[in-house]
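Number of protein chains: 2
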Amino acid sequence: MKTRIVELRRGILEKNDKLAAGLRNRFSTAGLLVLNLVSSPGSGKTAFLEWTLRKLVREDARAAALVGDLETDNDARRLASSGAPVRQINTHGECHLEAEWVSKHLEGWELGALDYLFIENVGNLVCPSNYDLGEQIRVVLLSVSEGEDKPLKYPTMFNSADAVVITKMDLAGPCEFDREAAVKNINEIRPGIRIFETSAKTGTGMEEWLGYLAEQRVGERAHEPARQ
Amino acid sequence: MKTRIVELRRGILEKNDKLAAGLRNRFSTAGLLVLNLVSSPGSGKTAFLEWTLRKLVREDARAAALVGDLETDNDARRLASSGAPVRQINTHGECHLEAEWVSKHLEGWELGALDYLFIENVGNLVCPSNYDLGEQIRVVLLSVSEGEDKPLKYPTMFNSADAVVITKMDLAGPCEFDREAAVKNINEIRPGIRIFETSAKTGTGMEEWLGYLAEQRVGERAHEPARQ
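Taken in order, these protein sequences are the chains called A and B. Per the working numbering, residue 1 is the first one in the first sequence, and the count goes up by one each step. Per the working numbering, residue 1 is the first one in the second sequence, and the count goes up by one each step.
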């Protein structure tokens, strides 16, 4: 049975990879920067994204979001209060998002009219690492309350990421967060990766994060084919 | 492909369920109480279990633990400092424990010489809910820093649990933990489930938890067949 499982899983991932490559092509053609946010449940993805969307909307950037959860549309409603277009993807038991569901939930949105698309994945530090969603940037979030050892214990997720956002820095004191150990462990798995130390509550590190988004967006637009 | 996946998954779960039923039978025959601890990464399973093992060992209870992680044996080493026998199960990328691996890692242990076996699952609030490990009691841990909405967003895990342990109560203030909302949400998914509010740092709620363990153990021994 194990061989059949491995084969079938490979087939699923290959199909997903193909769809994701197609999506990435569409995103690049549209000059759209797409970020896939992954983390444990409760790391503060939604609060971080809510802050980001509010700020981008206020600055007249055109940002949208897809948000994945097993159940409930609480997060989509919360994020929509930013004024950005937001859609919920309910996986009904599935532990990750797939490129196919992203594609379906983009129907009716004009990608060329957007600058940023954020995909908030299901809270899970294991399974989403295997599923490319066509994003240009994968961001893994790690809250100060989770423990500095998480990069070593969940290496695939950290190894496949392009940036790490440490969240809830306002709780670093009460949580006795060991910043040096966390940075050391992240670098052990993914040397030189960009790390942001943030708090969506106090705004710490958020301007640096916005600067990064703008830089990456410029980089993405450089690949954009000239419009007719 | 979807039909084949559903079928294959059903096959895997059926095989796991059979093995788990066999394990549960062995555990009951040995008069052993087995608990499966599940939670998000970073909820404090290891700190909670370390406290529990130390206390049980000090009281001459015979407790042992299996601990699941994708990589590293940090947790097994940490737990072994309690004096209890501990074995690490590395899943190398798999997002949950299965009955087969539990069975393999019990080899050489005399189950009749133990009172309690704790299985610390991989940190994941989705996938482990589908895999019975033969435990008599499934305990889901939820830290005060994760947000009170988690039971609603991960209903399968909370619905399949026998007890909920709220961890890191010492951080309830800084995290602005809304106890009433958490209890309400837990009860919405699993009405009447036993809830412990604990801190492995301050010891809050831990005596009540130990009392529960002793009660459950007595209940389990009542089923134990008379020894020859």
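Hints in this document: simulated from the structure, not taken from any laboratory. Just so you know, these numbers come straight off a predicted model, no measurement behind them. Treat the hints with caution; some may be incorrect.
To be verified - Listed below are the simulated SDA-like cross-link pairs for lysine to any residue, each with C-alpha atoms no more than 20 Å apart in a straight line:
1) K55(A) / K201(A)
2) K15(B) / E7(A)
3) K15(B) / R9(A)
4) K18(B) / I5(A)
5) K184(B) / D73(A)
6) K201(A) / V6(B)
7) K201(B) / G173(B)
8) K15(A) / K184(B)
Unchecked claim - Partial selection, computed: residues in chain B whose CB lies under 8 Å from chain A:
9) I5
10) V6
11) L13
12) E14
13) P41
14) E59
15) D69
16) C127
17) S145
18) K150
19) Y154
20) P155
21) N159
What the hints assert, rightly or not - Ranges between beta-carbon positions, derived for each pair:
22) K15(B) / R10(A): 19 to 29 Å
23) K201(B) / A181(A): 10 to 20 Å
24) R77(A) / G173(B): 50 to 60 Å
Backbone N, C-alpha and C fix where the C-beta goes; we use that ideal spot for every residue, glycine too.
Each hint, compared with the structure:
| no. | hint | verdict |
| --- | --- | --- |
| 1 | K55(A) / K201(A) | holds, 14 Å |
| 2 | K15(B) / E7(A) | holds, 19 Å |
| 3 | K15(B) / R9(A) | holds, 18 Å |
| 4 | K18(B) / I5(A) | holds, 19 Å |
| 5 | K184(B) / D73(A) | holds, 18 Å |
| 6 | K201(A) / V6(B) | violated, 42 Å |
| 7 | K201(B) / G173(B) | holds, 15 Å |
| 8 | K15(A) / K184(B) | violated, 41 Å |
| 9 | I5 | holds, 6 Å |
| 10 | V6 | violated, 11 Å |
| 11 | L13 | violated, 12 Å |
| 12 | E14 | violated, 11 Å |
| 13 | P41 | holds, 4 Å |
| 14 | E59 | violated, 28 Å |
| 15 | D69 | holds, 5 Å |
| 16 | C127 | holds, 5 Å |
| 17 | S145 | holds, 4 Å |
| 18 | K150 | holds, 6 Å |
| 19 | Y154 | holds, 6 Å |
| 20 | P155 | holds, 6 Å |
| 21 | N159 | violated, 11 Å |
| 22 | K15(B) / R10(A): 19 to 29 Å | holds, 21 Å |
| 23 | K201(B) / A181(A): 10 to 20 Å | holds, 18 Å |
| 24 | R77(A) / G173(B): 50 to 60 Å | violated, 28 Å |
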